[in-house]
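First residue of the sequence shown: 1, per this note's numbering; consecutive thereafter.
Don't read these hints as lab results, they were simulated from the structure.
Because the structure is a prediction, the values reported are computed rather than measured.
Keep in mind that the hints are not guaranteed to be accurate.
Beta-carbon label-pair distances, calculated as ranges [claimed, not checked]:
id: 1; residue 1: Gly69; residue 2: Asp33; range: 15 to 23 Å
id: 2; residue 1: Ser61; residue 2: Glu26; range: 15 to 23 Å
id: 3; residue 1: Gly40; residue 2: Asp10; range: 25 to 33 Å
id: 4; residue 1: Ile62; residue 2: Asp34; range: 17 to 25 Å
id: 5; residue 1: Asp33; residue 2: Lys59; range: 28 to 36 Å
id: 6; residue 1: Ser55; residue 2: Ser23; range: 15 to 23 Å
id: 7; residue 1: Ala16; residue 2: Lys59; range: 18 to 26 Å
Each residue gets a CB set at the ideal place from its N, CA and C atoms; glycine is no exception.
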Amino acid sequence: MVNLKDLNPDASLEAAYGARLRSAREERGWRQDDLAGRIGYTGRHVSGVETCHKSPTRKFSIAVDVALGFVGSTES
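Go ahead and model the full structure; you've got the sequences and the hints to work with.
Written out as structure tokens, the structure reads:
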């Protein structure tokens with residue numbers, strides 16, 4: 001599996017999203033499974049979005065925004 005650190009966040013919107021997701025998750029000291037439990041997805045799904053193997057859906061993005069406290073902020 002591709003490590004996000006090997007991805008260029010400027011390569012695509014999905015790569016930028018994945019990089020920001022991982023950064024925000026790591027800033028909170030959360031593992032992928034920690035975030036997944038908060039948003040109703042699996043750690044594998046979170047990993048897939050972070051590494052551009054899965055596209056973030058609107059439902060996923062809204063759940064992430066709520067879990068990370070981005071609702072109503074410029075990060076959302």
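Do the hints match the structure? See the list:
With their beta carbons about 19 Å apart, Gly69 and Asp33 fall inside the hinted range of 15 to 23 Å. As the Cβ distance of Ser61 to Glu26 is approximately 18 Å, the hint placing it in 15 to 23 Å holds. In this structure the supplied range 25 to 33 Å holds for Gly40 paired with Asp10, their Cβ-Cβ distance being about 30 Å. Look at Ile62 against Asp34: about 18 Å separates their beta carbons, and that is inside 17 to 25 Å.
Look at Asp33 against Lys59: about 19 Å separates their beta carbons, and that is not inside 28 to 36 Å. Here the CB-CB span from Ser55 to Ser23 is close to 19 Å, well matched to the stated 15 to 23 Å. Taking the beta carbon of each, Ala16 and Lys59 are about 20 Å apart, inside 18 to 26 Å as hinted.
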